[in-house]
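Asks: Sequence:
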Amino acid sequence: MTRAGAYLILLLAQALCALLFTSDILLSILGIYPTPLAWSTRELMEVGALVGLLLGLIFGALLVWRAFGDLHRAEARLERASVAFIDLLNARFDEWGLTAAERDVALFAIKGLTVQDIARLRQTSEGTVKAQTAAIYRKADVSGRPQLLSLFIEDMMGADRLDPSAGTDKAARFAAPRMEP
Numbered sequence: 774m775t776r777a778g779a780y781l782i783l784l785l786a787q788a789l790c791a792l793l794f795t796s797d798i799l800l801s802i803l804g805i806y807p808t809p810l811a812w813s814t815r816e817l818m819e820v821g822a823l824v825g826l827l828l829g830l831i832f833g834a835l836l837v838w839r840a841f842g843d844l845h846r847a848e849a850r851l852e853r854a855s856v857a858f859i860d861l862l863n864a865r866f867d868e869w870g871l872t873a874a875e876r877d878v879a880l881f882a883i884k885g886l887t888v889q890d891i892a893r894l895r896q897t898s899e900g901t902v903k904a905q906t907a908a909i910y911r912k913a914d915v916s917g918r919p920q921l922l923s924l925f926i927e928d929m930m931g932a933d934r935l936d937p938s939a940g941t942d943k944a945a946r947f948a949a950p951r952m953e954p
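The working numbering runs 773 ahead of the 1-based position in the sequence shown.
I should point out that these hints are in silico values taken from the structure, not numbers from a laboratory.
The beta carbon of each residue, even a glycine, is placed where N, CA and C say it ideally should be.
Capping the alpha-carbon separation at 20 Å, the derived lysine to aspartate or glutamate pairs in DMTMM-like fashion look like this:
hint, residue 1, residue 2
1, K912, D928
2, K884, D928
3, K903, D914
4, K912, D867
5, K884, E927
6, K903, E875
7, K912, E875
8, K912, E927
9, K912, D860
10, K912, E868
11, K912, D877
12, K884, D860
13, K903, D890
14, K884, D867
15, K903, D877
Label-pair distances were calculated between CB atoms; the ranges are:
hint, residue 1, residue 2, range
16, D867, T887, 25 to 31 Å
17, L862, M774, 38 to 44 Å
18, D867, D890, 21 to 27 Å
Required output: the full structure, derived from the provided sequences and hints.
Replies: Structure follows, in structure tokens:
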């Protein structure tokens with residue numbers, strides 16, 4: 774059973790149990806006075822509703838506990854992926870021999886900031902940022918931001934492991950995928 778199905782069953786069971794406990798009040802408000810049930814039957818129904826509510830509370834707590842565990846694991850995976858991406862960026866930046874200023878500009882460019890935004894954040898002229906991006910693209914052996922981004926996407930996807938025949942030359946890295954007949 775899916776988790777959504779379990780939540781739905783739990784919700785319906787608790788609603789029915791709560792309805793049983795509130796039925797006398799609701800019927801009085803609506804002016805409906807049914808024939809009374811035998812006390813033993815009434816007490817069995819109330820005990821059953823109480824057990825249902827308690828089980829609902831227990832299973833609800835377990836589902837919430839499990840959801841928090843899933844959230845914690847997802848956050849941990851996201852943190853590991855973030856650290857791995859930063860490590861990948863730093864390794865590539867070291868490999869290309871980028872200066873500290875070029876690293877900043879490259880990081881802002883990868884984040885998608887415009888030349889104007891990068892210049893404003895770094896408190897430099899747009900010409901300086903353009904020169905730094907040109908140096909970054911030259912050192913990375915790419916022609917622009919899209920290819921720079923594709924290098925990191927390839928690394929994160931493990932493209933070399935998926936297609937060992939691609940080689941490491943620039944043309945092979947950016948070639949269109951081969952279509953098999």
